[in-house]
Amino acid sequence: MSSTYETVAGIISDTADIPRDQITPDSHAIEDLGIDSLAFLDIAFAIDKAFGIKLPLEQWTQEVNEGKAPAEEYFVLKNLVAHIDALIAAKKA
Amino acid sequence: MRLEYFEMIDRVTELDRETKRIEVRSTVPMESPVFEGHFPGHPLVPGVLLTETMAQASGYLVLGLMDFTHMPFLMAVDKARFRTFVGPGTVLTVSAQLEHEGSGYAVTKAKIAVEGKAICDAELRFRIMPFPPGMDDLMRAQGRRIGLLETTDA
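Chains as they are written, first to last, in the working numbering: chain F, 1 to 93; chain Z, 94 to 247.
These are calculated hints, taken from the structure and not from any lab test.
Any given hint might turn out to be false.
[What the hints assert, rightly or not] Dumping the calculated DSS-like pairs for lysine-lysine here, alpha-carbon to alpha-carbon at most 27 Å:
1) F:K49 - Z:K113
2) Z:K204 - F:K54
3) F:K91 - Z:K202
4) F:K91 - Z:K113
5) Z:K113 - F:K54
6) Z:K204 - F:K49
7) F:K54 - Z:K202
8) Z:K113 - F:K92
9) F:K49 - F:K91
[To be verified] To spell it out: a stretch of chain F is covered by chain Z in this simulated footprint if at least three of its residues, at any positions, have a beta carbon under 8 Å from a beta carbon of chain Z; those stretches are:
10) 35-42
11) 45-55
C-beta: ideal position from N, C-alpha, C; glycine also.
Sequences and hints are given; from them, build the entire structure.
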C-alpha cells in the first residue's frame, strides 16, 4: 500500500490503541475497528497535522446523514486514504 | 473568579485575531467553599479548576474568532502540567493560542502564569457545534460581561 496508507494506519493504531496488524485497507473505522466519534476526531487532528490538510469532516458527515454518500466512502480506510491523497494533491496544485 | 459557579474568567484583556491568541485575567477569590475541602487549613485551587480556566479562555478565543456562530465544547485535555500551587487572592494571567482549526473541531494551547511565572499549561481540543437553542444569546451576555465583545468589536 501507499505511504499515505501506512501513515494513516499508524496514526489509527497509535491514537485508538489498536494493534497495527488488525488494521487493513478494507477496515471500516467504526464497524470493524470500533472507533468512536471522539477518537475519530483525534485521528482527524493527527492526519491534518501529518499531511498539512484539513479533512472536511463536517461536509462528509452531512453527506452521509443526508444519504448522498455511504459511510463506507469515508470510513473504509482505502477510501479515506484516497480522499487524503486527493486533498494533498489539491493542496500542491 | 466564582469557583462554585464555574465562572473562571474575570476579564478579557486582549483578543488578537491576527495571531489567534487571547489573554484574560482572573483573580482567585479569598474565600470559597471549594477551599473548605481542598484542603482543610491549606487552601489551593484544584488542578481541575485550573484546567477549566484554561478551557474557558480557549473557548472564548474560539467564540470570538468565530463571532459567536458556533459553540466550542471541551472534548480532550492533553499534556496538562501543574507546576506551582495557586492559593486564594492570586491574580492569574491566562492565555490561549489557536493551534489548529479543523473541520468541526479546534485545538488550542493554553497556559496560566502569575507575574510571568508559569503555573500550568495544557493542549486542549474542542468540538465545534451549532449552539443549542437559546444558548447563543446567553453566551453573548457572558461575552459582554467579561469584555470579550468589546474586544471583538474593537
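Hint check:
{"no.": "1", "hint": "F:K49 - Z:K113", "verdict": "18 Å, holds"}
{"no.": "2", "hint": "Z:K204 - F:K54", "verdict": "26 Å, holds"}
{"no.": "3", "hint": "F:K91 - Z:K202", "verdict": "26 Å, holds"}
{"no.": "4", "hint": "F:K91 - Z:K113", "verdict": "23 Å, holds"}
{"no.": "5", "hint": "Z:K113 - F:K54", "verdict": "18 Å, holds"}
{"no.": "6", "hint": "Z:K204 - F:K49", "verdict": "22 Å, holds"}
{"no.": "7", "hint": "F:K54 - Z:K202", "verdict": "19 Å, holds"}
{"no.": "8", "hint": "Z:K113 - F:K92", "verdict": "25 Å, holds"}
{"no.": "9", "hint": "F:K49 - F:K91", "verdict": "14 Å, holds"}
{"no.": "10", "hint": "35-42", "verdict": "holds (count 3)"}
{"no.": "11", "hint": "45-55", "verdict": "holds (count 5)"}
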